[in-house]
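Go ahead and model the full structure; you've got the sequences and the hints to work with.
Okay, so the sequence shown: first residue is 1 according to my numbering, each after it adds one.
None of these hints come from the bench; they were simulated from the model.
Here the structure is a predicted model, which is why all the values come from computation and not from measurement.
For every residue, glycine included, the Cβ atom is placed at its ideal position computed from N, Cα and C.
Keep in mind that a hint or two might mislead.
Label-pair ranges, simulated between beta-carbon atoms [what the hints assert, rightly or not]:
1) Glu83 to His49: 24 to 30 angstroms
2) Asp47 to His79: 17 to 23 angstroms
3) Leu40 to His79: 28 to 34 angstroms
4) Phe11 to Ala63: 24 to 30 angstroms
5) Thr62 to Ser22: 30 to 36 angstroms
6) Thr62 to Ala15: 26 to 32 angstroms
Calculated lysine-lysine pairs in the DSSO-like style (CA-CA distance at most 30 angstroms, straight line) [stated by the list, open to error]:
7) Lys71 to Lys2
8) Lys33 to Lys2
9) Lys71 to Lys33
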Amino acid sequence: MKILITGGAGFIGSALIRHLISNTEHSVINVDKLTYAGNLESLNAIDRHPHYQFEQMDICDTAGITQLLQKHQPDAIMHLAAESHVDRS
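Structure (structure tokens):
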């Protein structure tokens, strides 16, 4: 299964991605804008894994997301992207 995860560089998203890559055969596409809350260092252990891909992108970019979905054709999407401050989400 190919899973697209938004917000994968955040605390919860990166933990989920590490779990999926380490414990399943699923492929993961990590889509993250990399704002102040994103931290790719938390994914260093799996960043070269053949089932992992990173795409830096703003999920508000409709054309970019459409192109990304056409390119990867994921079986599932897990939306975890958010601003960590309530007034920004």
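Taking the hints in turn, this is what the structure says about them:
1. Between glutamate 83 and histidine 49 the C-beta distance comes to about 28 angstroms, which sits within the given range of 24 to 30 angstroms.
2. Taking 17 to 23 angstroms as the suggested C-beta distance range, the pair aspartate 47 and histidine 79 conforms, at roughly 22 angstroms.
3. The hinted range of 28 to 34 angstroms is not satisfied by leucine 40 and histidine 79, whose Cβ atoms lie roughly 19 angstroms apart.
4. For phenylalanine 11 paired with alanine 63, a C-beta distance near 29 angstroms keeps the hint of 24 to 30 angstroms intact.
5. Our hint of 30 to 36 angstroms for threonine 62 and serine 22 holds, since their Cβ atoms are close to 33 angstroms apart.
6. Separation of threonine 62 from alanine 15 is about 28 angstroms and conforms to the stated range, judged on CB atoms against 26 to 32 angstroms.
7. For the given pair, lysine 71 sits about 12 angstroms from lysine 2 by alpha-carbon distance, which is consistent with the 30 angstroms threshold.
8. A C-alpha spacing of about 20 angstroms is found between lysine 33 and lysine 2, which places the hinted pair at or below 30 angstroms, so the restraint holds.
9. Between lysine 71 and lysine 33 the alpha-carbon distance is near 18 angstroms, which keeps this suggested pair within the 30 angstroms criterion.
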